[in-house]
Amino acid sequence: MNSTLKRESRYVKKVKSLTFQSQTTKNKLLKILREEARKLNLLDMVRCSLQIQQAAECIHTSYKNEYIKAETAFMIRIREVKEDNLLYSGKVDLEELNTAMDILSQQEKLGENMQEADTGFLRIYSILSLYTTFIRDEPIHQVGSLFPGGFKVKKEGDKYTCPVKDNNDNNPLAVCPFCIAEQDEEV
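FYI, the numbering for the sequence shown is 1 to 187, going by our numbering.
There's no promise every hint is true.
Here are the simulated distance ranges between beta carbons [as the list claims (entries may be wrong)]:
#1 Q21 / T61: 43 to 51 angstroms
#2 K16 / G150: 20 to 28 angstroms
#3 K109 / K159: 29 to 37 angstroms
#4 T61 / Y88: 24 to 32 angstroms
Each computed BS3-like pair below joins lysine-lysine, with the alpha-carbon atoms no more than 27 angstroms apart [stated by the list, open to error]:
#5 K155 / K39
#6 K39 / K26
#7 K26 / K16
#8 K31 / K64
#9 K82 / K28
#10 K16 / K82
#11 K82 / K69
#12 K28 / K16
#13 K13 / K69
#14 K14 / K91
#15 K152 / K13
#16 K28 / K152
#17 K155 / K64
#18 K39 / K28
#19 K13 / K26
#20 K39 / K82
#21 K91 / K26
Please keep in mind that the hints were generated in silico from the structure rather than gathered at the bench. If you're wondering where the values come from, they're calculated on a predicted model, not measured in any experiment. We put the CB at the ideal spot given by N, CA and C, even for glycine.
Based on the provided sequences and hints, a complete structural model is requested.
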């Protein structure tokens with residue numbers, strides 16, 4: 001479609017190459033994510049903002065503002081990836097990373113076929129999903145993120161819970177299968 005998509009494909013291939021190693025560190029993955037995040041520019045962020053606004057058009061008014069706020073806060077975290085120079089200890093679970101990359105590759109292919117999909121949005125979404133899950137050991141949606149019905153992502157001790165995880169098992173555009181949050185059993 002465009003150069004952004006080609007760049008995204010190279011990025012996906014780079015991350016996938018880590019899954020062929022016997023082990024890989026969080027720092028190796030972070031280096032790739034940081035390099036890719038630094039390729040993003042203001043225009044990419046503006047397009048993401050517009051896509052969030054467009055997606056919100058079909059959302060009930062009572063939830064629309066919270067949705068826009070949560071999605072925008074999520075996308076802005078790309079700056080965190082760009083500036084993250086910390087050294088992380090530990091290895092990446094390669095089986096989980098492989099699962100994540102299969103899901104993200106499928107989403108990339110779906111994005112190619114969707115006229116309204118912005119590849120920059122998909123790239124940011126992908127980078128942040130991998131960063132929060134594999135580098136930060138956090139859920140993809142931040143604690144406190146609000147979902148329809150007033151349900152939120154929560155942290156209880158060392159455990160994160162999400163109100164919609166199980167509802168998205170068969171959603172090809174969801175990253176829930178590799179998110180570290182567990183289904184909130186109270187929902």
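Quick rundown of the hints versus the structure:
For the hinted restraint 43 to 51 angstroms between Q21 and T61, the CB-CB distance of approximately 49 angstroms keeps it satisfied. K16 and G150 have their C-beta atoms about 38 angstroms apart, which leaves the hinted 20 to 28 angstroms range violated. Range check, K109 to K159: Cβ separation about 33 angstroms, and the 29 to 37 angstroms hint holds. The beta-carbon spacing between T61 and Y88, approximately 41 angstroms, falls outside the hinted interval of 24 to 32 angstroms.
The hinted pair formed by K155 and K39 fails the criterion: a straight-line CA distance of about 32 angstroms is larger than 27 angstroms. Distance restraint check for K39 and K26: the Cα-Cα separation of roughly 20 angstroms lies within the 27 angstroms cut-off, and the hinted pair is therefore satisfied. For a cut-off of 27 angstroms, the pair hint linking K26 to K16 stands: about 14 angstroms separates their Cα positions. The suggested pairing of K31 with K64 is violated, with an alpha-carbon distance near 35 angstroms, which exceeds 27 angstroms.
Straight-line distance between C-alpha atoms of K82 and K28 comes to about 14 angstroms, which keeps the hinted pair within the 27 angstroms bound. With a C-alpha separation of about 20 angstroms, the suggested pair K16 and K82 falls inside the 27 angstroms cut-off, and the hint holds. For the hint linking K82 to K69, the alpha-carbon distance of about 21 angstroms falls within 27 angstroms, and the restraint holds. For a cut-off of 27 angstroms, the pair hint linking K28 to K16 stands: about 12 angstroms separates their Cα positions.
The hinted pair formed by K13 and K69 fails the criterion: a straight-line CA distance of about 32 angstroms is larger than 27 angstroms. Restraint check for K14 and K91: the C-alpha separation of about 17 angstroms stays at or below 27 angstroms, so the hint holds. About 34 angstroms separates the Cα atoms of K152 and K13, which puts this hinted pair outside 27 angstroms; it is violated. Restraint check: the Cα-Cα separation between K28 and K152 comes to about 32 angstroms, which exceeds 27 angstroms; the hinted pair is violated.
Between K155 and K64 the CA atoms are separated by roughly 24 angstroms; this keeps the pair inside 27 angstroms, and the hint holds. Proposed proximity of K39 and K28 is supported: the alpha carbons are some 18 angstroms apart, at most 27 angstroms. At roughly 17 angstroms between alpha-carbon atoms, K13 and K26 fall within 27 angstroms of each other, so this suggested pair holds. For the hint pairing K39 with K82, the CA-to-CA distance comes to about 9 angstroms; that is within 27 angstroms, so the pair holds.
Using a Cα cut-off of 27 angstroms, the hinted pair K91 and K26 holds, with the two alpha carbons roughly 6 angstroms apart.
Figure legend: structure checked against the earlier numbered hints; hints not met, in rising order: 2, 4, 5, 8, 13, 15, 16.
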